[in-house]
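For reference, the chains in residue letters:
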Amino acid sequence: MIFKKKKAPTSLEASTSNSETESLSQSQIVRRRFLHHRGAMVAIFAISAIIILVFSALELKLFGLKYRGWWKYNITDMPDLAYKECPGGTIGCPTMSLRPTFLGGAGIRFGEHPFGQDDVGHDYFALVMRGAQRSLLVTVIIGLVGGAIGTVVGSIAGFYRGWIDAVLMRFTDFIITIPTLIIGSVIGYHFGNLGVTFLALYLGLFAWTGLSRLVRGEFLTLREREFVDAARVAGASNRRIIFKHILPNAVGVIIVSVTLLMSGAILLETALSYLGFGVVAPDVSLGVLISRYQEAFSTRPWLFWYPGIFIVAIALSINFIGDGLRDAFDPRQRRKITRKDRQQARVMQRKVAKDA
Amino acid sequence: MAVLVRDLHLNLPPPLRYFLWLKGILGGLVGNLDFGKARDGQLVSTSIASAIPVTLRLISMATFTAIILGITIGIVTALRQYSRFDYAMTFVSFLLFSLPIFWVAVLLKEFMAIQFNNFLREPTVAPPWLIGLSLFSGIFWSAVIGGTRKRVWVVFVAAASLNAALLTFLSLSKWFLNPGFGPITLLLIYIGVAFGVTQLSVGLNSRAALKSSLTMAVLGIIFYFPVQKIFMAENKALFFPFLVVVTIGLAVGVSFIFAKIDRGPTIRTTVISSVIMGILMIIDKLMHTWKPYMENDAINARPVPTIGQTNALLEPGNYWLSTLDIVMHLILPTIALTAISFAGYIRYSRGTLLEVLNQDYIRTARAKGLTERTVIMRHAFRNTLIPLTTIIVVDIAGIVGGAIITERVFGWKGMGTLFNDAINRFDLNLLMGVFFLTASLAVLANLVADLLYSALDPRIRVNTQ
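As given, the protein sequences belong to chains B and A, one line each in that order.
Numbering-wise, my numbering puts 230 at position 230 of the first sequence, and it's gapless, one number per residue.
Numbering-wise, my numbering puts 1215 at position 215 of the second sequence, and it's gapless, one number per residue.
Only chain B is shown next, with the shape it has when bound in the complex (with noise of 0.2 Å):
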């Protein structure tokens, strides 16, 4: 028996009927449509490219196995400032150049201190790593610890309701209260000294609120469903039914909100450092970076110009990866019309009315 199930593109069912969700399971429509999304794809890419340059290429020590960097500095080293081949009797300029030697540059080169040098001499090459690191390091914790919180709080207050539902919800009305900022400034002024892990672990408890009120809403949503209805007829404990059924079909939502809480933690470290409530000296972050060096935008605009393209890049890379999965996840979501498509209905509507 051989059946030609693919009917011919040009019939009317074809245009109607939703060819690309057709026999996959959900996260395989997920998964197709996330990769389909340009601006998340080169978001990942570039995101991949800046952690893995930026982890690279200082040393690091992770459980006692100690890796050395391929770059030859570290942000303690202070070669001797450069100031012979600066323009405008600066000091420490970069020594990176892109611009090839036939258009009149100094040819494609790195040199000795591709992003320049700081006041006393460290390479900012470094300097700037670090700072990433350490900028990565405070999103990735916020996240986790702000996304791991809100999701408990908002599930649980979701799906028990009643007054666990209502003590939780004031307690997160209490919190939204407060401006992030605000709040993020007195923990930096107390906590800053303990390093950069514990400063971020502080601020994740705090970070959960709008995580919470969305994954409850959602909660609220899907226990009035009939496969939830189903679950407890057929004996599911409570238990079972938010891990097995509804926490599967809110991951949509999570994901999608600690991305974005993500994006905001990284500007909200580099806006506390820059306040002077975040990342202390000796340690760098990319805020600490952009506000010791400020002044310095006329005469060395290099020394601004680095930090803060990696801070907008990961930002950036971050928000695209999130509108991706948020388009991915979306289920009202519609496959984008296109030029094709527009042409394929005109000619049927042609056909139709030389039908008729």
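It is worth saying that the hints were derived from the structure and are not from the lab.
These numbers were taken from a predicted model, which means no experiment stands behind them.
Every residue gets a Cβ at the ideal spot worked out from N, C-alpha and C, and that includes glycine.
These stretches of chain B come out as covered by chain A in the derived footprint (C-beta under 8 Å, 3 or more residues):
no.: 1; segment: 169-178
no.: 2; segment: 262-273
no.: 3; segment: 287-295
no.: 4; segment: 298-312
no.: 5; segment: 319-326
Dock chain A against chain B, hints included.
Structure of chain A alone, referenced to chain B:
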């Protein structure tokens, strides 16, 4: 030291001090609010009272621009969904989301202030800039207006050449040194405003609205010179309310003459366009103040400041000079704050409008044969505004807490600076005062937002049992 101990009750244990503070706050219920004293001996309430107007001045303009611009662009992107303009705006809004505000502020100081002041020394637009700006405006307008390929090209060429001609004319006539509209240009702009507002508000088919708006435009020009006299009058506190009342009264009167039936929409349209015209006239007056402002010794021909709230060297007394001074000091922070915050409004209004456009009642409205303008402006746009209002209310409450970073970068002394000082000096009473104010405003705003939501949207019923 002893005074400090006495004022701050440092001889008492902290929990007891908290109750003393609470007693002061609860005194607010009987009209005797007491925030206690700050470390420098000043009353916290005085510091806060002097900081709030500064913060409001800094942020209200930025919030207003951000809301208007954000909603407009959001709606255009929603109407042109999946077009190149939509993608470009999506990218721009994500980019703005990802910018740290102090980074933007430093860039603005360099390029909008220092370099712009340098440009004003020899105010001719250089050819590369001219070409670049014209191409940009051509691309922008053709993307916004859209349509068939032919129309896109026509719009592109028209916008680019208009822009180029305008810029060339402005540089040749040294307009940047002595800006201003003058009555004839103003009349043209007024007519444009009359047509634009009528089209958006009731559609050009409504002859009554168009006629009364155009009459107001002509009246505005006739009264141009008398109003200039009023602008120079002594009693500044009175003339603004007076002008506002006269303008609105005239607008209502004119629309009564032209509209015989169904007067509401006509009055609305005419009032909106005359208020815009009035604002334009004030802008014109400010532009005419530009030349004396530039020539003032305190300004020294570098009008865009990078820091501070007002120029201390400028002698007080001249109302328009000091107004222009305030405006110039507001420019950079306003651009920075607007750029950061309007991205959110773009995304939100776009998403909401798309959702509304998918509703059944929109299809019904189209099926009834209503024009696209009516469907968009009356059915879709109004429903988009419902969720937006609630967000705006909460945002406005949030800004009183102060743009901590913006204030620091631009050297303003508002709520943000107050808070920053409080933390750095470990000034508990001041800190608690700021906290208390922002938190109670946030609670209040949430309440107002909820009430507004149920008032605006009849589908939502407050449970009254």
